[in-house]
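**Q** As you go down the protein sequences, you meet chains A and B in turn. In this text, residue positions in the first sequence follow the working numbering: the first is 9, and each later residue adds one. In this text, residue positions in the second sequence follow the working numbering: the first is 1122, and each later residue adds one.
These aren't lab readings, by the way, just hints derived from the structure by calculation. Possibly wrong hints are sitting among the right ones.
[Claimed, not checked] In silico DSSO-like cross-links for lysine-lysine, where the CA-CA straight-line distance does not exceed 27 Å:
{"no.": "1", "chain 1": "B", "residue 1": "K1307", "chain 2": "A", "residue 2": "K111"}
{"no.": "2", "chain 1": "A", "residue 1": "K116", "chain 2": "A", "residue 2": "K38"}
{"no.": "3", "chain 1": "A", "residue 1": "K96", "chain 2": "B", "residue 2": "K1526"}
{"no.": "4", "chain 1": "A", "residue 1": "K109", "chain 2": "B", "residue 2": "K1526"}
{"no.": "5", "chain 1": "A", "residue 1": "K125", "chain 2": "A", "residue 2": "K38"}
{"no.": "6", "chain 1": "A", "residue 1": "K96", "chain 2": "A", "residue 2": "K111"}
{"no.": "7", "chain 1": "B", "residue 1": "K1526", "chain 2": "A", "residue 2": "K24"}
{"no.": "8", "chain 1": "A", "residue 1": "K13", "chain 2": "A", "residue 2": "K96"}
{"no.": "9", "chain 1": "A", "residue 1": "K111", "chain 2": "A", "residue 2": "K125"}
{"no.": "10", "chain 1": "A", "residue 1": "K24", "chain 2": "A", "residue 2": "K96"}
{"no.": "11", "chain 1": "B", "residue 1": "K1138", "chain 2": "A", "residue 2": "K125"}
{"no.": "12", "chain 1": "A", "residue 1": "K38", "chain 2": "A", "residue 2": "K13"}
{"no.": "13", "chain 1": "A", "residue 1": "K38", "chain 2": "B", "residue 2": "K1307"}
{"no.": "14", "chain 1": "A", "residue 1": "K116", "chain 2": "B", "residue 2": "K1165"}
{"no.": "15", "chain 1": "A", "residue 1": "K24", "chain 2": "A", "residue 2": "K116"}
{"no.": "16", "chain 1": "B", "residue 1": "K1526", "chain 2": "A", "residue 2": "K116"}
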Amino acid sequence: MPYFKDADEVYAYIGKLFEDLAQDEELSPKFRRANTVVQYRYREPESVITVSLLEAGDGRVDCGHTDLEPEVVMTMDADTAHRFWLGKVNVTVALARGQMKAKGPVAKILKLVPLTKPVFPRYRAMLEESGRQDLLEAA
Amino acid sequence: MAAVDPDPLARQMVGFKDFYQYLSPTRVISGRDLIGSAGFEFMKEGASRVFLVTDEVIRGTGLVERVEEGVRDGGLEVAGIYDQVPQDSSTEVVESCAAAAEDAGADSFLAVGGGSVMDTAKVADAVFTHGGTAREQEGFMLMPRDGDGMGRPLEVAPLACIPTTAGTGSEVSMAAVIKDHEEKVKLEIADFPLFPRLAILDPDATRTLPPAIAAATGMDAMTHAVESYVSTDWSPHQDARALQALRMIRDNLERAVETPEDEVARGNMLIAANMAISIALGSVHAMSHPAGAHFGVPHGVANAIHLPHVIRFNAEGGDDIADRYRDVAELLGVESGGSGADVGDALAGYVSGLVERIGLPLRLSQVGVPESGIPALVEGAMGDGTTLLNPREPSESDYEELYAKAL
């Protein structure tokens, strides 16, 4: 059974994390050095988060419908995304196994991977504050 | 006691590997006079009307005519020949190649050439089989599959390769890289169906290889072997291949460069390159890819320049990393004792000596890279996927320092 019951739950946690990062004065400029637009297409539940990481302009996160044109598309189960943000997924292994699929100039995203490590505790804390111990224990 | 969840982000260099995947679906045949039996062998892979993919230089050597004869002798037809593959292939070339194969009524592809020719044939095969544009093939594990896209990948038309350089290993890999000139990017395509069904290793195919190319491609093979052995994505399967490849490179590379008529050395280098290839690489490749993209430094030359510097850097990254370099040093007859820095220095010295003896440059400044180019190179290396597989995590300042040393 998937960790998240519907797309709204995905947006409430993973989408919220992206939104928080977009507002983070320290991390946001580092992520925006990728200078790209990434779309995360999740399965089970079906959901889409599009993140603008363009150097020019503020970070923007669209949950669901978007008019942003993605340059890189990452496809995975929402469970995999959840486990990734808990620090439990090795991206290179996930790509090799096909658990994550990538289309577009993936290098732009891979260089952000080291930047994500400090975000893992933040995601965990967000779930704890929301009383979602179940999501922490399920993964 | 509860089991401890292993940290998936740790750079695990020893012990029981948490996860690895090993594939080697390509049938490899190696030996003398195999060009003449290309058709006999390719028939076993389902080929009937064969479309040859090559470049003008290779065609000019007369090799392609011998391959044609070999295809016909096996009872197959040569549907057509595409000889317009440039040194760095592109989406336009791939689409033109696929269209030519379709016009010719081909049902299979046979690549005769180096990395660019083989990569062109792979992507052209995907376009030929599944339709769409070359750009639409881009991605990791994104080729059409059964079910909802998560099942068994659909096969492409039979593909065989006869490599004419001993370095790239593309004849047994599932990856291909082509340029998109319009978008000014390199497209990477990797999925299981891109493994060629057949690789024919015949030293006759490298008979006309110029010594400088033999040296550069040989250093590419050596870099594949060393980097795959020390990559965080190492595996016992690849270890065996990498170490045997290094033994063969140790014994044959200089001979193949100095004495091009040495068929034994050339043949063994073809096998070594074939065994060394892996997509589990590291910072040498991360540094070499942008050097090629920004300044046109040939890939093997860039690897030869960067390899000693990355060895020194990595070997100081921890005992478990240094121990892997010790294995390599021991195999190459290099002093393997002392600290990580000691073994790194000794091994790097061996590599530099080899590079010098086979006539390749040791510095980026010798191949047209200016000091002002370093920031762009660092940016490229940090964004290269192989950086994530390097045993020691490099920072931007580490790359700045490595490029400065290589300059």
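**Q** Given the proposed pairing of K1307 of chain B with K111 of chain A, does the C-alpha separation stay at or below 27 Å?
**A** Holds, at about 13 Å.
**Q** Assess, step by step, whether the Cα of K38 of chain A is no farther than 27 Å from the Cα of K1307 of chain B, and give holds or violated.
**A** holds, 24 Å
**Q** Given the proposed pairing of K1138 of chain B with K125 of chain A, does the C-alpha separation stay at or below 27 Å?
**A** The hint holds at about 22 Å.
**Q** For the pair supplied as a hint, K109 of chain A and K1526 of chain B, is the alpha-carbon distance within the 27 Å limit?
**A** violated, 36 Å
**Q** Given the hinted pair K38 of chain A and K13 of chain A, is their Cα-Cα distance within 27 Å?
**A** The given pair, whose Cα atoms are some 32 Å apart, is violated under the 27 Å limit.
**Q** Has the given pair, K1526 of chain B with K116 of chain A, been kept, meaning a C-alpha gap of at most 27 Å?
**A** holds, 26 Å
**Q** Checking one constraint from the list: CA of K24 of chain A to CA of K96 of chain A, max 27 Å. Satisfied?
**A** holds, 19 Å
**Q** Holds or violated: K96 of chain A and K1526 of chain B, Cα atoms, limit 27 Å.
**A** violated, 36 Å
**Q** Take a quick look at whether K125 of chain A and K38 of chain A sit within 27 Å of each other, Cα to Cα.
**A** Cα-Cα ~13 Å, so holds.
**Q** For the pair supplied as a hint, K1526 of chain B and K24 of chain A, is the alpha-carbon distance within the 27 Å limit?
**A** Not OK: K1526 of chain B and K24 of chain A at ~43 Å, beyond 27 Å, violated.
**Q** Hinted pair, alpha-carbon criterion (27 Å max): K13 of chain A, K96 of chain A. Please report holds or violated.
**A** Holds. K13 of chain A to K96 of chain A sits at ~21 Å (cutoff 27 Å).
**Q** For the pair we were handed, K111 of chain A and K125 of chain A, check the Cα-Cα distance against 27 Å.
**A** holds, 23 Å
In summary, the numbered hints that this structure violates are 3, 4, 7, 12 and 14.
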